[in-house]
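Enquirer: Residues per chain are reported as follows:
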Amino acid sequence: MLAAIYALIACGYVLVYRVSRVLNLAHGELMMLGAYALMLTAAQFTTYWPAAIAAAVGLSLLTGVLVYLFLMRKMTGEMVLAAVLTTVALGILLRGVMVLVWSAQQQYPAQALGVANTSIALPGGARISFFSALLILTTLLVYGALLSFLRFGRWGIRMRAAGQSPLLAAQRGINLHAVYALAWGLSTLTGALAGILIALDSGLDQTMAIIGLKAFPAALVGGLDSLVGALAGSLIVASAEVLLIHYVDPLLSEVVPFLVLIAMLVVRPWGLFGTREELDRV
Amino acid sequence: MSEPLLSVDKLEVVYQRAITAVQGITLSAQQGQIVGILGTNGAGKTTLLRAISGFHGTDDARVTEGTIRFKGRRIENIEPHRIARSGIALVPEREKVFPNLTVAENLLVPAAPGLVLAERKRQEAQVLQFFPKLEELHARTAGLLSGGERQMLAIAAALVAKPELLLVDELSLGLAPVVVEDLAARLVQIRRELGITVLLVEQSAAVALEIADYSYVLENGRIVLDGDRARLTNHPDIQEFYLGQSSGKRRSYRDVKQYRRSRRWYG
Ligand SMILES: Nc1ncnc2c1ncn2[C@@H]1O[C@H](COP(=O)(O)OP(=O)(O)O)[C@@H](O)[C@H]1O
Ligand SMILES: [Mg+2]
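Chains as they are written, first to last, in the numbering used here: chain L, 3 to 284; chain W, 8 to 274.
Extracted from the complex, chain L is given alone in its bound form:
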């Protein structure tokens, strides 16, 4: 369950990093924004909750594209570090705005939509809540879709090409802005899916951005430019977290992902599946 959450969030980091070499440190906030967008759409589509989710996800896709077009696009040609700092600033700004608009109180979009989070019995006696099950299913679907899109899709191949050599990609007629905007859009979309499903499962408040940040080590352990790596990294980080909480101390929950990250960076700085890269320009 935790692994699925991390994996769904981590693929957003990977998407943006892979095509533009930028770490999007506002991913947690963008994910939270997606969840709050559900509160908005919930008010519109009170009768049919999948429509509300679809609308919120659509809004998030648009948000990601706009973030690229109006903010990150200006960073083209600047140092990667400057672009990363811009995402940090964006994250802080978004968090501030979200507190102002939605307050710091815990909210329950599932209640707003009038869906019960029934628990489902699994074979073997375990139980899982409906939205947890949906989240795991979504993660699998998203990874399947993304992997085949990058492997076979016209735009997927273009995204890989632009990630490898932006200059040659442009010389071959690829509009880099379109590719980057697409990466940001897809990244924000997957992040929002995670945010929305977590909010439906266990409520929504300002701590959600922390979950987003905890998924970052998962992406990094996997190697940042590899989707399969992100999946493996999420499994590792989540297992470590669950085991340590169980056997050592529940208070460790917040730090475990980062401990794993540090351990990983010492042993293999480019991650499990990543490629060794030097720092590059945007």
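Think of the hints as simulated: they come from the structure by calculation, not from any bench. All residues carry an ideal CB built from backbone N, CA and C; glycine is no exception. A couple of the hints might just be wrong.
For the chain L half of the interface with chain W, some residues (derived, Cβ under 8 Å), not all of them [unchecked claim]: (1) 155; (2) 160; (3) 169; (4) 176; (5) 253.
Over the 12 Å line for every Cβ pair with chain W, so calculated as not near, a few chain L residues [said to hold, decoys possible]: (6) 4; (7) 51; (8) 52; (9) 57; (10) 71; (11) 119; (12) 126; (13) 131; (14) 167; (15) 178; (16) 242; (17) 251.
Following the hints, put chain W with the ligands in place on chain L, whose structure we already have.
Expert: Same frame as chain L, now just chain W with the ligands:
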């Protein structure tokens, strides 16, 4: 003579707002011609081709003077992908293929968007007839190709976009003479069958003079000499300093330097 397909007029290119790499180059290419650009290391050949194919943000380079016209339209300082779409394709000097993509994927990237599959396949087949070897290497990762195969792939990928003007930066660089012979012959065949215009940059004057209809000699960012094949192959300076056929005694390094200096006043 009709209006040239490409005409460059008094072009000046500046890197990092400080380094002038090309100063006042004027040249043109007629439809269907192979035009050679000769010159030693650092003469400004790559800069010239990059100016025509468009600078990227990270290049930190700009056309500061002069014009580049392609089919009558001005294209200086336009984004590379727009220039590519307008019918100019570049075979770059260094990063010329996507190393982690397969040969097939490399050929897929440049195809015009919105093309139906059948049309794309037909276009690819037309290009591959010039390079049958690439067909066998379809599933191979481009980074694993040999230098000659990589050059073939780069040319093929440039042609898939159906360009009217093909810019080739150093056809022969780092390749064995037999491979270069073969590639040069393909280029002539491509020009003949597709009717496209080729701008060929070469350090090796022998290769360029063999296939180019008309050539320009670049030194220190200026054109110091130009002419058709007959004129240049018989020109004493070309024979001496570019083809290395010294008649009689070899000249000393000082003569070369003297020659360089005298050339500087030409441009
Ligand atoms: N990115 C760059 N920044 C600054 N100067 C450059 C850059 N690229 C090339 N130059 C300079 O421009 C001149 C011409 O280089 P180039 O066009 O690569 O020559 P060629 O291709 O004929 O060997 C050289 O003096 C080189 O040092
Ligand atoms: Mg060069």
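Enquirer: Which earlier hints turn out false for this structure, listed by number in ascending order?
Expert: Checked against the structure, the hints that fail are numbers 1, 5, 14, 15, while the rest are satisfied.
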